[in-house]
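Going down the list, the protein sequences come from chains A and B. Per the numbering used here, residue 1 is the first one in the first sequence, and the count goes up by one each step. Per the numbering used here, residue 1001 is the first one in the second sequence, and the count goes up by one each step.
There's no promise every hint is true.
No farther apart than 30 Å at their CA atoms in a straight line, the calculated lysine-lysine pairs in the DSBU-like style are these [as the list claims (entries may be wrong)]:
1) B:1114 to A:240
2) A:145 to B:1123
3) B:1047 to B:1085
4) B:1123 to B:1063
FYI, nobody ran anything at the bench for these hints, they're computed from the structure.
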Amino acid sequence: MSDYISHDHEHDDIDRRGFLQCMAWAGTGLLWTVSGGVLASRTLAQIAKAGEPLRATDLSFLQISDSHIGFSKEANKDVTATFQIALDRINAMPTPPSFLIHTGDITQLSKPEEFDTFDQVLKSCRTKDVFYVPGEHDVLNDGGKLYRERYLKSVEAKGSGWYSFNKNGVHFIGLVNVLDLQAGGLGQLGDEQLEWLEADVKGLGSSTPIVVFAHIPLWAVYPQWGWGTSDSERALGYLKRFGSVTVLNGHIHQVLQKVEGNITFHTAMSTAFPQPAPGTAPSPGPMKVPAEKLRSMLGLTSVQYKQGKTALAVVDSNLS
Amino acid sequence: MTTLTPRNKRIALLCAISFLNLSSVALAGEMKNADSTSTTQNKIEIKDFAFNPQTLKVKSGEKITWINRDEEPHTVVSVEKQFKKSTALDTDQEFTITAGVPGTYTYFCSVHPKMTGTIVVEK
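If we strip away everything but chain A, and leave its shape as in the complex, we get (with noise of 0.2 Å):
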């Protein structure tokens, strides 16, 4: 099997080796650089490996999802240690993000220990500036008042937690879509806080560039299993006139791109435990594989976009 896929994503379909290949990874993180109005991804490995130095004028940061502390079944018994060494690649970095973004679920059952043994193990990262946002698994039983109290520090969080910063030119918008969910439904914005978007972005020019980010995809990935957001439209709608809008989410456990007009979707891999591709197992959760794969089923993946052009070029590779 190739090393690297290619994605043509003037399409919508999903190359299906691409994804295959993809879900299978876990304990990585993307890291994220904006230079010049180009945004792309690429992993931690490789920046370590390729000893590739950013320049002064870059912005860069990393998106981390799907930690699971806790979690100690057959996928993955030691989620604390493949966060760990998530962490470890961050530190190996030649030049350190400016800042982390965890898209939700750092916890398996919302338990204070496992919030504990979280921060506790985050302590070891170089770069400590830290943006998150809940997953489901974060607000089980409080409807999220303890994430709140310890997450939500370095920010202006309106309602359940959403929030927005600005960074060297780049507008970034923290979602939460975890909560007060409706039987039958999938994951939920609510009117109170598409009210809030609808305002927070209506003074930006439509040249700054968007990012958004939220645990569950705020695309239809694959609704039959909860996989999307059921008014996620209503919060696109309010930046389709913006050039240039990324959405990153978890949630999935595996990579998934897509790109409409100029908005441009993609799912990052989890630190703990792959799930299955839609559709291929009787439901979604934790996918085993065996023991000594798991760690060479870190991946990367390299992304970039210009803004305003709908064509995003793709490169994954596994790390094996």
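Dock chain B against chain A, hints included.
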């Protein structure tokens, strides 16, 4: 003036059931681990992100127990808030309620809301 369509009648009935439940403590929830002794016959297994059976008929006064066989946490939450919701059930954890006033009770998993089920309580 609201027309009493079948749907509205059903909602009115559900509201009435809900009101009655407030005074009769129709469905009281309790949680326990799977390894504890259980005498209930009305078991709902949660597996592969589904409640099985999806519809369960019970008699008023009987116990109903859900058991989670997935590696994912799930919850049992009444759509109409007619009974106390479970906390997140980890693998092999159970949640038990006692069926009260006859009627139809729909519920879902608030973590994975695609998962829905129905309890029909008969006299």
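These are the hints, each one checked on the structure:
{"no.": "1", "hint": "B:1114 to A:240", "verdict": "holds (29 Å)"}
{"no.": "2", "hint": "A:145 to B:1123", "verdict": "violated (41 Å)"}
{"no.": "3", "hint": "B:1047 to B:1085", "verdict": "holds (19 Å)"}
{"no.": "4", "hint": "B:1123 to B:1063", "verdict": "holds (14 Å)"}
The structure does not agree with numbered hint 2 stated previously, though it agrees with all others.
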